[in-house]
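Please put together the full structure from these sequences, using the hints given.
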Amino acid sequence: KKKCNNESFPCTPSRHEKSLGLLTTKFVTLLQEAKDGVLDLKAAADTLAVRQKRRIYDITNVLEGIGLIEKKSKNSIQWKGVGPGCNTREIADKLMELKAELDDLALRENELDQQKVWVQQSIKNVTDDSGNSPYPSGPEQNHRNRAYQV
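Using the working numbering, the first residue of the sequence shown is number 1115, and each one after it goes up by one.
Calculated directly from the structure, the hints in this document are not laboratory data.
Mixed in with the good hints, there may be bad ones.
Claimed, not checked - Calculated lysine to aspartate or glutamate pairs in the DMTMM-like style (CA-CA distance at most 25 Å, straight line):
no., residue 1, residue 2
1, LYS1140, GLU1204
2, LYS1185, ASP1154
3, LYS1149, GLU1204
4, LYS1238, ASP1227
5, LYS1149, ASP1160
6, LYS1194, GLU1178
7, LYS1156, GLU1178
8, LYS1230, ASP1217
9, LYS1188, ASP1150
10, LYS1213, ASP1227
11, LYS1167, ASP1154
12, LYS1213, GLU1147
13, LYS1186, ASP1160
14, LYS1186, ASP1150
15, LYS1149, GLU1211
16, LYS1188, GLU1178
17, LYS1194, GLU1147
18, LYS1167, GLU1184
19, LYS1185, GLU1147
20, LYS1167, ASP1150
21, LYS1238, GLU1223
22, LYS1140, ASP1207
23, LYS1208, ASP1218
24, LYS1188, ASP1160
25, LYS1186, ASP1172
26, LYS1186, ASP1154
27, LYS1230, ASP1218
28, LYS1185, ASP1160
29, LYS1213, GLU1223
30, LYS1140, ASP1160
31, LYS1185, ASP1172
32, LYS1156, GLU1184
33, LYS1186, GLU1204
34, LYS1149, GLU1178
35, LYS1188, ASP1154
Unchecked claim - For each label pair, taking beta carbons as the anchor points, the in silico distance ranges come out as:
no., residue 1, residue 2, range
36, LYS1208, SER1187, 28 to 34 Å
37, VAL1231, ALA1206, 33 to 39 Å
38, SER1133, SER1190, 24 to 30 Å
39, ASN1189, GLU1211, 34 to 40 Å
40, ASP1242, GLU1211, 42 to 48 Å
The beta-carbon is built from N, C-alpha and C at its ideal position, and this holds for glycine as well.
Structure (structure tokens):
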């Protein structure tokens, strides 16, 4: 948000918009989204609309000092924080893909659970049905058993 105190003065960015912290966040996002993790500093300064390139160099010096980037040439740097192919956007895309797969697996699990219940009920129905018993227990069988007992 820009402050405009008077119509005769042009709008100037707020203190927050000019903060080094916000600029660093935007810079790191730009760097992580760069192809192969390599970023041209001049292009970054233009993209971020930085008037003083010194601020970009302040950021790169700190990031280099803590081992997150390395200089590839005078005006380009490479992200080292995580290997190539692991930028923020790719991680978010992979996360969404894995969540969708997890949802599919949960549906499949529910289907299998339902089928298991049906199979268990079918087994119970078959075993509870006296007509399916391997040991006859009907009245005519009791009569035959008595004949052998005499």
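Each hint tested on the structure:
1. LYS1140 to GLU1204: holds (17 Å)
2. LYS1185 to ASP1154: Within the cut-off at roughly 10 Å; holds.
3. LYS1149 to GLU1204: holds (11 Å)
4. LYS1238 to ASP1227: holds (17 Å)
5. LYS1149 to ASP1160: holds (17 Å)
6. LYS1194 to GLU1178: holds (9 Å)
7. LYS1156 to GLU1178: Holds - the C-alpha atoms of GLU1178 and LYS1156 are around 17 Å apart, at most 25 Å.
8. LYS1230 to ASP1217: Within the cut-off at roughly 20 Å; holds.
9. LYS1188 to ASP1150: Holds, at roughly 18 Å.
10. LYS1213 to ASP1227: This hinted pair holds, its Cα atoms lying about 21 Å apart.
11. LYS1167 to ASP1154: holds (12 Å)
12. LYS1213 to GLU1147: holds (22 Å)
13. LYS1186 to ASP1160: holds (19 Å)
14. LYS1186 to ASP1150: It holds: about 12 Å lies between the C-alpha atoms, which stays within 25 Å.
15. LYS1149 to GLU1211: Distance of about 21 Å is within 25 Å: holds.
16. LYS1188 to GLU1178: Status holds; Cα separation ~13 Å.
17. LYS1194 to GLU1147: Cα-Cα ~13 Å, so holds.
18. LYS1167 to GLU1184: holds (18 Å)
19. LYS1185 to GLU1147: At roughly 17 Å apart (the allowed maximum being 25 Å), GLU1147 and LYS1185 satisfy the hint.
20. LYS1167 to ASP1150: holds (23 Å)
21. LYS1238 to GLU1223: The given pair, whose Cα atoms are some 22 Å apart, holds under the 25 Å limit.
22. LYS1140 to ASP1207: The given pair, whose Cα atoms are some 20 Å apart, holds under the 25 Å limit.
23. LYS1208 to ASP1218: With Cα atoms ~15 Å apart, LYS1208 and ASP1218 stay inside 25 Å; holds.
24. LYS1188 to ASP1160: holds (17 Å)
25. LYS1186 to ASP1172: Judged against 25 Å, a Cα distance of about 17 Å means the pair holds.
26. LYS1186 to ASP1154: Within the cut-off at roughly 10 Å; holds.
27. LYS1230 to ASP1218: holds (18 Å)
28. LYS1185 to ASP1160: holds (19 Å)
29. LYS1213 to GLU1223: Answer holds: LYS1213 to GLU1223 is near 15 Å, not above 25 Å.
30. LYS1140 to ASP1160: holds (13 Å)
31. LYS1185 to ASP1172: OK: LYS1185 and ASP1172 at ~14 Å, within 25 Å.
32. LYS1156 to GLU1184: It holds: about 16 Å lies between the C-alpha atoms, which stays within 25 Å.
33. LYS1186 to GLU1204: holds (23 Å)
34. LYS1149 to GLU1178: OK: LYS1149 and GLU1178 at ~19 Å, within 25 Å.
35. LYS1188 to ASP1154: holds (9 Å)
36. LYS1208 to SER1187: 28 to 34 Å: holds (30 Å)
37. VAL1231 to ALA1206: 33 to 39 Å: Roughly 38 Å apart at Cβ, these two residues keep to the hinted range, so it holds.
38. SER1133 to SER1190: 24 to 30 Å: holds (25 Å)
39. ASN1189 to GLU1211: 34 to 40 Å: Since ASN1189 and GLU1211 have Cβ atoms about 35 Å apart, the given range 34 to 40 Å holds.
40. ASP1242 to GLU1211: 42 to 48 Å: holds (47 Å)
Checked against the numbered hints above, the structure breaks none of them.
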